[in-house]
Structure formats: structure tokens, C-alpha cells
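Between the sequences and the hints, there should be enough to build the whole structure, so can you do that?
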Amino acid sequence: MNFLDKMERKYGKYAIRNLPAIIIALYAAGYLIAMLMPQLLAYCTLHPGLIMRGQVWRIVSWILVPPQSPDLFTLIMLYFYFSLGRTLEYTWGAFRFNVYIISGILFTVIGAFLLYYVGHTTGYFSTYYINMSIFLAFALTYPDMQVLLYFLFPIKMKWMGLVYGFFILVSLVQGGWADRIAIIASLMNFIVFFLSTRNMRRFSPKQVHRRREFQKNVQKIQPNGSTPRHKCAVCGRTEKDGDHLEFRFCSKCDGNYEYCQDHLFTHQHIRLNK
Numbered sequence: 020m021n022f023l024d025k026m027e028r029k030y031g032k033y034a035i036r037n038l039p040a041i042i043i044a045l046y047a048a049g050y051l052i053a054m055l056m057p058q059l060l061a062y063c064t065l066h067p068g069l070i071m072r073g074q075v076w077r078i079v080s081w082i083l084v085p086p087q088s089p090d091l092f093t094l095i096m097l098y099f100y101f102s103l104g105r106t107l108e109y110t111w112g113a114f115r116f117n118v119y120i121i122s123g124i125l126f127t128v129i130g131a132f133l134l135y136y137v138g139h140t141t142g143y144f145s146t147y148y149i150n151m152s153i154f155l156a157f158a159l160t161y162p163d164m165q166v167l168l169y170f171l172f173p174i175k176m177k178w179m180g181l182v183y184g185f186f187i188l189v190s191l192v193q194g195g196w197a198d199r200i201a202i203i204a205s206l207m208n209f210i211v212f213f214l215s216t217r218n219m220r221r222f223s224p225k226q227v228h229r230r231r232e233f234q235k236n237v238q239k240i241q242p243n244g245s246t247p248r249h250k251c252a253v254c255g256r257t258e259k260d261g262d263h264l265e266f267r268f269c270s271k272c273d274g275n276y277e278y279c280q281d282h283l284f285t286h287q288h289i290r291l292n293k
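If you're matching positions, the sequence shown starts at 20 in the working numbering and goes up one per residue.
Since the hints were made in silico from the structure, they are not lab data. Each hint should be verified, as a subset may be incorrect.
What the hints assert, rightly or not - Between beta-carbon pairs, the in silico distance windows are:
1. L23 with M54: 38 to 48 Å
2. D273 with D198: 48 to 58 Å
3. V166 with I187: 17 to 27 Å
4. D163 with L125: 24 to 34 Å
What the hints assert, rightly or not - Result set (BS3-like, lysine-lysine): computed pairs, CA atoms no more than 27 Å apart in a straight line:
5. K250 with K29
6. K259 with K25
7. K25 with K250
8. K271 with K259
9. K271 with K29
10. K259 with K29
Just so it is clear, the structure is predicted and the values come from calculations on it, not from any experiment. Just so it is clear, CB atoms sit at the ideal spot from N, CA and C, and this is done for glycine as well.
Structure below.
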């Protein structure tokens, strides 16, 4: 069991659920501030110098700053990223998705302070590349999933991911050091999770569909006063730890090992030596 598994077992119950919806709600609040009190939005940006002078709320308030103006294209893109984030949260589990997004935010704050103290300048840091990290994570997790580009052209996620990756590389080459640090810091969560973590695996849409069908058809039986009928082999949670939990045996593990919905697709398969 690696470090992330241990952390999830210990703190998984504190994970923020429906985080993609919360992110969209924060953007909506940011758009509302921009329309009603546009001067207030300037007090929400990530500025290390002003943070050190006492404006500590900027460490988190910059998340309210929306990535673009609220036009129709932006609304479509926000809904697109919301759908991707919700699917990733459903696939990975709430705790791992929390770690992914929050680490992206923390890396961005660290990058801003690094640029301020080393480069003696302040770049523009936003959640644009954090949203991009959601897209890249989805493209790597579901490379063969097909979407309609501009609602017309079918294209697989892996090709869109390569195109977005190309544009990111162009921005790194053509941009200044402020742009480079902002991009690298915001995407550091993607780098850490998918280049340094061994247990983040690819999940096919077929597996997710199988999981959803199970959640629709399964019927829980929980007699009062009896011992738990289900127990996750990774985190140890049972059906008594929450009505939202679902359990299923893994057909790829040797033996009768049962897992909750957060670990059904993320656990390491158990193989017995024969």
C-alpha cells in the first residue's frame, strides 16, 4: 500500500464530494463579482507581495477569478470541464480527485512565491491551467473515448490531449519565465500523478458503465444489529460507514476480495502464487 492509499484510508472520509460542482459555483461567484463590483475582483488575485503585507485572503481568493469572460463559448467549456471532472471524481474516488485539484492549487501558489522571490516579478496566475490539468488527466485516463469537437467532428480524447499538449509546449517555448513558471506550477499535479505515481491506471468507459449498472441494480441488505455484510479490502469501510457506499467483488483478484466504489478500479489486483 503506497502513501496515497494510506492517506485515503485515514482521511478519505473527510474528502470534499462533488468538487467539480463547487468549482463551477466559485466561478459563478467570480462572474457575479465581476459584474456587480468589478473593482473588488482586483483584491482577489494571487499576489505574493500583497499577501506578505497582510492580504492573506489572496492565497485562496484567486480561485474566484474566472478564466474568461462569461460568453456562450465559455459556458460551454465550463460545462465540458465540469463533466470531465465529475467523471474523474467518480472513477478515482473523491479523495484522490481532491488531492489532484488541491495539489494543483498549492503548486500554483508555490510557483507564484517562487517567481516573486527568485524572479523579482509577479506573473498572472489563474485556474486556467488547473482546468487544463483536468482535461489532460481525462485524456490519459480515457484515451479512446470519442467526443464531438464543436458538436460536429468526432475525435478521440488522446488526439485532443496531444494537440493541447503541443500548444502548452509552444507556450513554454515562446513565453517568458513568468509564463513558464505559471504553466509548470499549475500542471505540476498532472506531472506528479501520472509520471511519478504507479497506481493511477487507465480506466475504460466499459468499466465505468459496468460500475454504474451495478450501482443501479444492487440492493443492499443491512439487518439491524448484525455484523457488516460488506467490507472494503483497502480502506476497511463497511456499509455502516455511509449509505452512499457500494461494494463489489473483483473478478481479477485471486480470492474473495470486496472493494468499495472508491477502490474497485484503483486497487492493485491480488495474485496468489501457485
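We went through each hint and held it up to the structure:
A beta carbon spacing of about 40 Å between L23 and M54 agrees with the range 38 to 48 Å that was offered as a hint. Take D273 and D198: their Cβ atoms lie about 50 Å apart, and the range 48 to 58 Å holds. Evaluation of the 17 to 27 Å hint for V166 and I187 yields a pass: the beta carbon distance comes to about 19 Å. The hint said 24 to 34 Å for the Cβ distance between D163 and L125, and at roughly 32 Å that hint holds.
For the hint linking K250 to K29, the alpha-carbon distance of about 15 Å falls within 27 Å, and the restraint holds. Of the supplied pair hints, the one linking K259 and K25 holds, its CA atoms being roughly 21 Å apart against a limit of 27 Å. At most 27 Å may separate the alpha-carbon atoms for a hinted pair to count; K25 and K250 meet this at roughly 17 Å. Proximity of K271 to K259 is assessed by CA-CA distance (about 26 Å); at most 27 Å being required, the pair is judged to hold.
For the hint linking K271 to K29, the alpha-carbon distance of about 26 Å falls within 27 Å, and the restraint holds. The suggested pairing of K259 with K29 holds, with an alpha-carbon distance near 17 Å, which does not exceed 27 Å.
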